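2 protein chains.
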Amino acid sequence: MIHRSTPRVLATQLSEHVGETVQVAGWLHRHRQLKSIGFLIIRDRSGLTQVVLTDPDLRIAEESVLQIRGVVTANSQAPVGVEITKPEIMMLAAAEQAPPFDLYRPTVPASLPVLLDQAPVTLRHPQLKAAHALSAAAVAGFRTSLAEQGFTEIHTPKIVESATESGANVFTLDWFGRPAYLAQSPQFYKQLMVGVFERVYETGPVFRAEPHDTARHLAQYTSLDAEFGFISDHQDVMIMVRSVVAGMIAAVAERTAEIELLDVDVPGVPEVIPQLHFADAMRMLGKGEDTIDLAPADERAISAWAAEEHGSDFIFVTGYPMAKRPFYTHPEPERPAYSNSFDLLFRGLELITGGQRLHRYPDYLQALAERGEPVEPYQGYLSAFAHGMPPHGGFALGLERFVARLIGADNVRLATLFPRDLHRLAP
Amino acid sequence: MIHRSTPRVLATQLSEHVGETVQVAGWLHRHRQLKSIGFLIIRDRSGLTQVVLTDPDLRIAEESVLQIRGVVTANSQAPVGVEITKPEIMMLAAAEQAPPFDLYRPTVPASLPVLLDQAPVTLRHPQLKAAHALSAAAVAGFRTSLAEQGFTEIHTPKIVESATESGANVFTLDWFGRPAYLAQSPQFYKQLMVGVFERVYETGPVFRAEPHDTARHLAQYTSLDAEFGFISDHQDVMIMVRSVVAGMIAAVAERTAEIELLDVDVPGVPEVIPQLHFADAMRMLGKGEDTIDLAPADERAISAWAAEEHGSDFIFVTGYPMAKRPFYTHPEPERPAYSNSFDLLFRGLELITGGQRLHRYPDYLQALAERGEPVEPYQGYLSAFAHGMPPHGGFALGLERFVARLIGADNVRLATLFPRDLHRLAP
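Quick note, the sequences are listed as chains P and H, same order.
Counting from 1, position 134 in the first sequence corresponds to residue 134 in our numbering; the numbering is continuous, with no gaps.
Counting from 1, position 131 in the second sequence corresponds to residue 558 in our numbering; the numbering is continuous, with no gaps.
Since the hints were derived computationally from the structure, they do not count as laboratory data.
Some hints could be false.
Partial pick of chain H residues on the chain P-facing surface, computed with a CB cut under 7 Å [what the hints assert, rightly or not]:
#, residue
1, Val492
2, Leu550
3, His582
4, Glu588
5, Phe598
6, Phe603
7, Leu619
8, His786
9, Asp790
10, Leu792
11, Ala794
12, Ser810
13, Pro854
What the simulated footprint calls covered on chain P by chain H, stretch by stretch (three residues with Cβ under 8 Å from a Cβ of chain H suffice, anywhere in the stretch; the number is not a length) [claimed, not checked]:
#, stretch
14, 87-99
15, 197-208
16, 351-364
Owing to the predicted nature of the structure, the values given are computational and were not obtained by experimental measurement.
For glycine and all other residues, C-beta sits at the position ideal for the given N, C-alpha and C.
Only chain P is shown next, with the shape it has when bound in the complex (with noise of 0.2 Å):
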């Protein structure tokens, strides 16, 4: 459709075509007719293009699809200092529809099941679009630091045999006549995969059939998983996702329009993110000896904790109670009531859960034994130990969680482009 003699230029490159006539393409983002003179600013992928009109009669629907040719010219008025002038308007596609809320509006003026339920257009508002601008750079980042340290990118099953890891909060489906399950998680196989690589990561999409509808839940996340042997213990996973956090976090700071736009307040990460030991906290936080994990309320005090004693958006709690950890996770040695795991915290909200596995196969018998768990059911699973495998650890993100956190959205859904919950199946 684009006339190829001449060429498209995107709104943010259009400074550098003054004096040229060009072509510009996108959508209608807002329509202003004054007396004598309209202005039609065009959205494409890269910003707003102010488009000046002489003809006052022209009626065009928003969102429409639009190519224009025109003259580039400097106008010191015009939002980037540069409006179309003589356009030629063609119409690409018109709207048939109007979008539930002006898209041009500095703020969303929607509710979340509006927004939710209209998201193929709702998205296009440039405030939500960026959320999701913030969360490509994120996993990009998150690939790139790994990348840099040796990791392998793997693709693991999502549809497994046995519930295994957790039996409560999994769909079931229909596997040729029998039952299969959705995966909760790709622990098991990257630990397998820890054998092969010794450093693998994924990131894809987790199922929990979550039945509570809270803010913080979806049904469907993407969980950034990374798994690496050779490890002293936790603290080495540790030392890892400070890395690899930091080098998402300067992945989402080159995205300087959308965190202007959003005005998000990007956190420094500390060169060593503070630590706090599960039984300290519990001692700071007044909480008995019995307790076995933390409430959203103790999250949200120990971040504030963290923020005011160090500075630090980020904290990680180490030494959760076995009692409340999964059967691969490496005890404390010296306390083995306590783990080699930790959570890391970023604004009063759990981000990453990591930890030290176990690594030895009479260690992993001896395991669930104790919990009184079969052995037949992880079998596949527990093969890989009984050929060799090292000390190792990892840990996952759930992206959604950290762009919220991230953007300061309340709900975990304005990180998630259509999301799954107990209520929610489409569009």
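Fit chain H to the supplied structure of chain P, relying on the hints for placement.
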């Protein structure tokens, strides 16, 4: 476990440390005991290290995980010119079971079922591992090429409300008590997202309940998807495909060790990949005008022709009959029985499917009406077009097929870590 005081050095870096005391760590790949001297070959993520033994009575099971402190000593007889002498050996984890075959054999001596059944250990064989390293490189090349051209990464739902794109071959699951389906492709979502970002890509799992047990079908595979707006027609998509495939091949070609190990014949990618219209292909193959699809033998014949006539491992077949393409396909303007779509064949196998899509809302309504399909199940999808969408198109590449063809594997399962098919749900 690793002594932090002595640095761990990878096999490929050892030659930079001649004369130094270092640590190496990895799996015991092979133990060779001669009369008065023995050798341990240690496999780490980078390669192999030879360790010279002086204790003739040492017995360690292969695949045990060892950490070895010793002196890096030049020896032109050693595989990489250096070896470790005066070793102190520490066992990190003993192998309790033997692999199904010796992992040090240069080629893989086992049948496909053995390889797949025992994947957690057989994938450690350097040749099998190498295929997956090339796969990771290919995905990185895909992403880099697209990111450089302004594409944004997206993550779309894998659980969908209706089995819309093709009613057959879809997995059904229990979604909080009601039926839902596993996504067969991100097609609809990537099109919607053209309305937001103009240019998007996704690398993720897709699911096909394939009732056929063939060497080229999987029930879960990794689909590399891209979609973008403001095209003239499918030829613009094919130009993009060419640049992305070239980027993938270039990324693969950098993995020289794996290329050599697998004796991969890295294909050149012509500046302009040759193309053949479906109608012309039919004439060339002597098929009747009522033929609407290519059989595998046809694809092989066309590829052979491309290799002979054009010296190309790649060829586009364009203009597939509309009768064989989904409803969202854009017809060929001059001959509407054909379409603005294409397949890319690579060495005899369909690798990529793509084309221009319909972009106007009324065209969608008409296309569904002509096929006698109801509008209602597509309403969420169609709404994006009612809100204004540019001319657009895209493509999808099956990662495992690409890798299998690249390495000359006759079964796509050899390019999949843990394949899922009609009969296989584990490991």
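Verification of the supplied hints:
1. Annotation: interface hint on Val492/H holds; nearest CB of chain P at approximately 5 Å, less than 7 Å.
2. Interface hint at Leu550/H: satisfied, since its Cβ lies 5 Å from the closest Cβ of chain P, which is below the 7 Å cut-off.
3. Checking His582/H against chain P: minimum C-beta separation of about 5 Å stays under 7 Å; hint holds.
4. Taken as an interface hint, Glu588/H checks out: its beta carbon lies about 5 Å from the nearest beta carbon of chain P, inside 7 Å.
5. Checking Phe598/H against chain P by beta carbon gives a least distance of about 5 Å; that is within 7 Å, so the hint holds.
6. With 7 Å as the threshold, the beta carbon of Phe603/H comes within range of chain P, its nearest partner Cβ sitting at about 6 Å, so the hint holds.
7. This hint holds: Leu619/H has a C-beta 4 Å from the nearest C-beta of chain P, less than the 7 Å allowed.
8. With a least beta-carbon distance of about 6 Å to chain P, the hint placing His786/H at the interface is held under the 7 Å criterion.
9. A hinted interface residue such as Asp790/H counts as satisfied when its beta carbon comes closer than 7 Å to some beta carbon of chain P; here the least separation is about 10 Å, so the hint is violated.
10. Given the 7 Å rule on beta carbons, the hint for Leu792/H is violated: about 10 Å separates it from the nearest Cβ of chain P.
11. Proximity of Ala794/H to chain P is violated relative to the hint, the smallest CB-CB distance being about 15 Å (cut-off 7 Å).
12. At about 6 Å, the closest approach between the beta carbon of Ser810/H and any beta carbon in chain P falls short of 7 Å, and the interface hint on this residue holds.
13. About 4 Å separates the beta-carbon of Pro854/H from the nearest beta-carbon of chain P, less than 7 Å, and the hint is met.
14. Only residues whose beta carbon comes within less than 8 Å of a beta carbon in chain H count, and the stretch 87-99 of chain P has 7; three or more means the coverage holds.
15. Only residues whose C-beta sits within less than 8 Å of a C-beta in chain H count toward coverage, and the stretch 197-208 of chain P has 6 of them, enough to reach three; the restraint holds.
16. With a threshold of 8 Å between beta carbons, the proposed coverage of the stretch 351-364 of chain P by chain H holds, since 4 of its residues qualify and at least three are required.
Violated hints for the displayed structure, listed by number in ascending order: 9, 10, 11.
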